[in-house]
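Undergrad: Here is what each chain is made of, one letter per residue.
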Amino acid sequence: MAEPVIRKTLISVEEIFHEGGPVAARPLHRGVALAVIRNPFAGRYEPEIQSFMEDLKPLGLKMAKDLIRVLGGDPKRIESYGKGAIVGAAGELEHGALWHVPGGYAMREALGGSKAIVSSTKKVGGPGTRLDVPVTHINASYVRSHFDAVEVGLADAPRADEMVLGLVMTTGPRIHARVGGLKASEIKGEDGLR
Amino acid sequence: MKAKIRKIVTFLEETRREMERDVSPPVRRAAAVAVIANPCAGRFVEDLSELIDIGEELGALLSERAVAALGIPGERVESYGKAAAVGENGELEHAAALLHPKLGAPVRKALGKGAALIPSSKKRGGPGVALDIPLGHKDAAFVRSHFDGMEVRVSDAPRADEIVVAVAVTDSGRPFPRVGGLTKDQIKGEDGLR
Chain G
1 MAEPVIRKTL ISVEEIFHEG GPVAARPLHR GVALAVIRNP FAGRYEPEIQ SFMEDLKPLG
61 LKMAKDLIRV LGGDPKRIES YGKGAIVGAA GELEHGALWH VPGGYAMREA LGGSKAIVSS
121 TKKVGGPGTR LDVPVTHINA SYVRSHFDAV EVGLADAPRA DEMVLGLVMT TGPRIHARVG
181 GLKASEIKGE DGLR
Chain W
1001 MKAKIRKIVT FLEETRREME RDVSPPVRRA AAVAVIANPC AGRFVEDLSE LIDIGEELGA
1061 LLSERAVAAL GIPGERVESY GKAAAVGENG ELEHAAALLH PKLGAPVRKA LGKGAALIPS
1121 SKKRGGPGVA LDIPLGHKDA AFVRSHFDGM EVRVSDAPRA DEIVVAVAVT DSGRPFPRVG
1181 GLTKDQIKGE DGLR
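Protein chains in written order, with the working numbering: chain G, 1 to 194; chain W, 1001 to 1194.
Among the clues, some could well be false.
To be verified - With the C-beta cut set under 8 angstroms, the calculated list includes, among others, these residues of chain G facing chain W:
| id | residue |
| --- | --- |
| 1 | 10 |
| 2 | 13 |
| 3 | 141 |
| 4 | 151 |
Treat the hints as calculated values from the structure; they're not laboratory data.
All C-beta atoms in this analysis are idealised placements derived from N, C-alpha and C, irrespective of residue type, glycine included.
Extracted from the complex, chain W is given alone in its bound form:
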């Protein structure tokens, strides 16, 4: 493995009630987060292919871990998202190299499908910085009930020469969606949008 991983953290959140109403079945969201060494920290590196390859590895590892935490087959995952936080000696572009070129394919493989764009966010920050991972339906980005976000953080990361990379998956949308828009039973699933 090219990635030098210091730690991996998984999170499983289950929401059972909202405003005194039962959420039935509960909404479940999982995230897997890796803390890796940034091979490009501290200097300007033109060619970011090492980070791009690490992104591919992490796409497979983190989606496998997140789906396992959720405890359902990958095919039943409804929405997903990804995020990265670069330590202070790194560049925002390092997060882009990890997240965008190659991370998505192994994630989609783990989920069976995934026609929609994987929503993402990135930032630079210090240890304990919060990552708000945007979430969207995996087959149709316009499904309004599944626009969401999940906050994760690792208290001791990223150190200056590290990057925190996260993949999140869910088994449903928001607890009580009622702002209209495209619903999941209306998905055509052809273009990844609707």
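In isolation and in its complexed conformation, chain G is listed as follows:
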């Protein structure tokens, strides 16, 4: 297997000041990095696909570093993350699952180690398909203020023989978080959950 063939990339940054309530002292930033790559397994059933996970790692790392850069450059500012994949119609949901390992590895590596599982989602779809990527705290999945989601997508992708791979990072909780639960300040940081 060779390195992924990239057709297109998208980086977007959302800067949120308020959502009808008080204007935040520090705006929330949510960043998205997408890469549209050729699906090397499109159009057939391929029993052995795992080697492609290794091939995706450098791309993942590049995307994670790009995200940190556009979110201010300091990995310590990143508080939550998520990942996702949209597989074009000639591919299989299982091809999207190839993104779990390299996507997660890339963000942990770029952030200098993070304890919580990277929440994720995936689907098969056509060009313009939108994906709601779930987002949770990087060190403790149960931090309620950081449960969030970011909608991602591209007008012209994925074509049938492509996959869209995505990473999401944010710099904080929901802008007016106030539904209680575990707080970021209460994280024990032992098990990645609390």
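Based on the hints, put chain W in the right spot on chain G.
TA: Relative to the frame of chain G, chain W by itself:
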């Protein structure tokens, strides 16, 4: 600032391949999008000067953000465009007030030049509505290689009393232009057309 901004989103798209050919250098397009409160929502307002002034502010802010996302000096921007989507309690004329009287001057200032009309589109819609920002060469509207469009959207905007305003800039035209017409090396640059 007169504009009450809820969020700002920037997008950077880079196209590297098309039909199995490398696009070299890649085509890069950036857009900056602001979600603002519509001061005229919910009633008929005869005098739209408040929106006109907000358009001037946003012209400066959004062109600065979009050029920064593109990562090149403003003078090297080749094409541009603008668009607005008004939430359901607003009027199409509110988009016109933002886009047409005063938004262009600060955009041109950020780009050093800009003899050509800034192509624009507008619509009314709900949260997540897609804006197709038309693109044209900034110094000569007839440059055929640079007729293009860029789709952007913000999943939670515009709410009923909001307006989404976008400015897009590029570093080049379509990936493989080959439908003839005026080319950029033939620009006279006197009338903004040719």
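Undergrad: Decide, hint by hint, whether the structure agrees.
TA: To see whether the hints hold, each was checked on the structure:
Interface hint status for residue 10 of chain G: upheld, as the beta-carbon distance to the closest one in chain W is roughly 5 angstroms, under 8 angstroms. Because the beta carbon of residue 13 of chain G sits about 5 angstroms from the nearest beta carbon in chain W, less than 8 angstroms, this interface hint is met. Violation of the interface hint for residue 141 of chain G is found here, the shortest Cβ-Cβ separation to chain W being roughly 23 angstroms, above the 8 angstroms cut-off. Checking residue 151 of chain G against chain W by beta carbon gives a least distance of about 4 angstroms; that is within 8 angstroms, so the hint holds.
Checked against the numbered hints listed earlier, the structure breaks hint 3 alone; every other hint is satisfied.
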